[in-house]
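*Asks:* Quick note, the sequences are listed as chains A and B, same order.
For the first sequence, the numbering used here gives the first residue as 1, with consecutive numbering after it.
For the second sequence, the numbering used here gives the first residue as 1001, with consecutive numbering after it.
Keep in mind that the hints were calculated from the coordinates and are not lab data.
It cannot be assumed that every hint is accurate.
To be verified - Below 25 Å or equal to it, Euclidean Cα-Cα: the simulated SDA-like pairs (lysine to any residue) are:
#1 A:Lys-265 with B:Leu-1241
#2 A:Lys-471 with B:Ser-1135
#3 B:Lys-1063 with B:Gln-1041
#4 B:Lys-1063 with A:Glu-428
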Amino acid sequence: MSILTSENKRPTKRSAGRPLPELIFGDLWEFDPAPETADPKLKPRYDLFIGGRFVAPVSGKYFDSINPANETKLAEIAQANAADVDAAYAAAQKGFAVWSKLPGKERAKYIYRLARLLQDRAREFAVAETMDGGKPIKESRDFDVPMAAAHFFYHAGWADKLEYVAPGRKVAPLGVVGQVIPWNFPLLMMAWKLAPALAMGNTIVIKPAETTSVTALKFAEIVQDAGFPAGVVNIVTGFGDTGAAVLNHPAAVKVAFTGSTEVGKIIMRSLAGTDKKMTMELGGKAANIVFDDAPLDQAVEGIVNGIFFNQGHVCCAGSRLLVHEPVAAAVLAKLKTRIRTLRVGDPLDKNTDIGAINSREQLTRIEKLVASGVKEGADMFQPACKLPTKGYYFRPTVFSGVSMSHRIAREEIFGPVLSVLTFRTLDEAVEKANNTAYGLSAGVWTDKGSRILKMSTELKAGVVWANTYNKFDPTSPFGGYKESGFGREGGRQGLLDYCKLV
Amino acid sequence: MRLPITKTPKPYVGGAFIRSESGRTFPLKDAAGNFFAHIPQCTRKDLRNAVEAAAKAGPGWAKRTAYNRGQILYRLGEMVEARRTELIDTLVRFGATKSAAAKEVDACSDRLVYYAGWTDKYEQVLGNVNPVASSHFNFTVTEPMGVIGVIAPDAPALLGLVSLIAPVIASGNTVVAEVSETNPYPAILLGEMLATSDLPGGVVNLLTGFRKELVPTFATHTHLRGISAAVGEADRKTLRLGAAESVKRVHFAGEATDWFSAKAQDLYAIRDFVEFKTTWHPVGA
Chain A
1 MSILTSENKR PTKRSAGRPL PELIFGDLWE FDPAPETADP KLKPRYDLFI GGRFVAPVSG
61 KYFDSINPAN ETKLAEIAQA NAADVDAAYA AAQKGFAVWS KLPGKERAKY IYRLARLLQD
121 RAREFAVAET MDGGKPIKES RDFDVPMAAA HFFYHAGWAD KLEYVAPGRK VAPLGVVGQV
181 IPWNFPLLMM AWKLAPALAM GNTIVIKPAE TTSVTALKFA EIVQDAGFPA GVVNIVTGFG
241 DTGAAVLNHP AAVKVAFTGS TEVGKIIMRS LAGTDKKMTM ELGGKAANIV FDDAPLDQAV
301 EGIVNGIFFN QGHVCCAGSR LLVHEPVAAA VLAKLKTRIR TLRVGDPLDK NTDIGAINSR
361 EQLTRIEKLV ASGVKEGADM FQPACKLPTK GYYFRPTVFS GVSMSHRIAR EEIFGPVLSV
421 LTFRTLDEAV EKANNTAYGL SAGVWTDKGS RILKMSTELK AGVVWANTYN KFDPTSPFGG
481 YKESGFGREG GRQGLLDYCK LV
Chain B
1001 MRLPITKTPK PYVGGAFIRS ESGRTFPLKD AAGNFFAHIP QCTRKDLRNA VEAAAKAGPG
1061 WAKRTAYNRG QILYRLGEMV EARRTELIDT LVRFGATKSA AAKEVDACSD RLVYYAGWTD
1121 KYEQVLGNVN PVASSHFNFT VTEPMGVIGV IAPDAPALLG LVSLIAPVIA SGNTVVAEVS
1181 ETNPYPAILL GEMLATSDLP GGVVNLLTGF RKELVPTFAT HTHLRGISAA VGEADRKTLR
1241 LGAAESVKRV HFAGEATDWF SAKAQDLYAI RDFVEFKTTW HPVGA
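The following block holds chain A by itself, in its conformation from the complex (with noise of 0.2 Å):
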């Protein structure tokens, strides 16, 4: 970003007839492989983690996880039924007994532990998440897994100071939490959903994504390396029905779900008659806005990380790219130019800037949000570069042209496609911003603070990053506005969710 900066402050005047010369080196030189060779210390096959111990599912039953970066077999994971969900929740209530019993201070000091041995093994980790779920290395080793950690950290220091979280009202945990989450983020979205509920003083169970299970696996080796009670944090493994049992089972007093805005109207259809608490982390089609007097060279690199960073599988990826029409040619040029350089490919090489797509399943989506957008008239632009034959793989894909009724500019894609469309004026930009049933995040680009307040008023969405994107810290409550979902994650905010006030 540095390099970048000064680069803007660099004199562009040059003499006539000597234009700048390009440097794209992806066209020039091939680079050699750098691949990650940390262990992961993968187990060939993973049980379920109920009441502090792994025991093998009722039905014997295992479905294998795929890497799919090469589509090879990475271990074999335990689905449970509702027999399995039973016990995790019998555990689940065993272990609450104790756990809500604890003082804060004993509480934090088990959460602290977390997040030091989840550092101690923060390379293995990373190369275990890569493996199992395709996002470069460089990602998993420098975002997920240290972001996860800081999320421990920083939730263990509240588990002792919980009368600051709602001034006036005392607060109490609520008992078992039932939480289902997503394979774009597992491990960092397992924190996420973790530090807060057993600050407070809840018991878990928790399914992750059938597709990145090992390292929420992996993770219940830590939870037992740091001598949690029994019980306290229960991990199940499957499919939907896997997750439908954790999420309808009546020992539930809340349910945290993240995933797609579809799943999510399910899952509040199926809650309706209970009352159950919810939190719902959902879809997205966040708009990521470019003024004219934005630093342009910032704001691309700033795009590319929006729209490109974890393949595009964020929910609060800027999928939506506006920019202002006097800098619009300038912007789709610069960001071409940018996406030559983009190495797409092996996720556990340390140079790769795209990984692999999470599933077949997930490619297939793309391809065809990505044939609609074709069809309906936009102007796609993909490089040309070399994918890996075995894989899921797929180009960075910029569409221009895009207009707000196609189905590129509305649907989450949840894939590296990004749809470029342009606007006049400021109350232009926020319109098209906000005319979305989605409202979980949005981005600004200007040099003039005002703007960025200005546009942070009126956006409709629960974060907003100014000449930044996809920025998150355990510190900073995450979450949407409207069919983005409800309630927040990190924070002070974040807490009150696992909460009761009494």
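Chain A is fixed; fit chain B onto it per the hints.
*Replies:* Here is chain B on its own, set in the frame of chain A:
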């Protein structure tokens, strides 16, 4: 003997006193069983019109300063206090004892003053700056959600309605409320006080009518961003099912709610109908 002039009760919607678009009414008897008046039996179309009025009033109300919203809520408290005798007489006419009626009316004006005081303070308690590990000024503030549907309890008809509306509008939301089905007249009077309290038209819209007719539309209307309701189990399920269609925020007042207790007025009732927005503002030259 002079024949008294009876009032035609009309609910307050969009800053005006309306009849139902359907022309329907239902007869209301007082506690003694005597005919009192015809009450408009509002339809789902009336509800949709009210939502439109509330949506129109929303941005202006939300942009009022917190100080101004506080003064207007306080003024509403003044209006209730000024018409204390009339309100007490009304509650008595519909079945309350004199002392219970006085207690309820006093609790209403006190409650309005309570929330008037919160308008310029809740942000300071609910929001905060977040010490993120990067060069950003990161802060979390609240914003009103938009149009909120309120379904008031049958009893206490006036205090229940006021207790559900006040925290919702305190933060800049606007409201479409269905008032008590069995005891609607106090809400008709409240409408007259709303009209004289400097509250912009459309900020609070009151509908009279039948629960079973209006609850399904409250549940599914996508422009209602939240629901605050004091209803029984069956209506709760209807509301939650409908809420799923547009991921609406739903909060229910427990059936055991003691509307007179200090717990029935709370900062966290305001919090239930705000959204938290977190902004990452760069720090640097």
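*Asks:* Hints first: check each against the structure and report whether it holds.
*Replies:* Going down the list of hints, with the structure as the test:
no.: 1; hint: A:Lys-265 with B:Leu-1241; result: 9 Å, holds
no.: 2; hint: A:Lys-471 with B:Ser-1135; result: 11 Å, holds
no.: 3; hint: B:Lys-1063 with B:Gln-1041; result: 33 Å, violated
no.: 4; hint: B:Lys-1063 with A:Glu-428; result: 20 Å, holds
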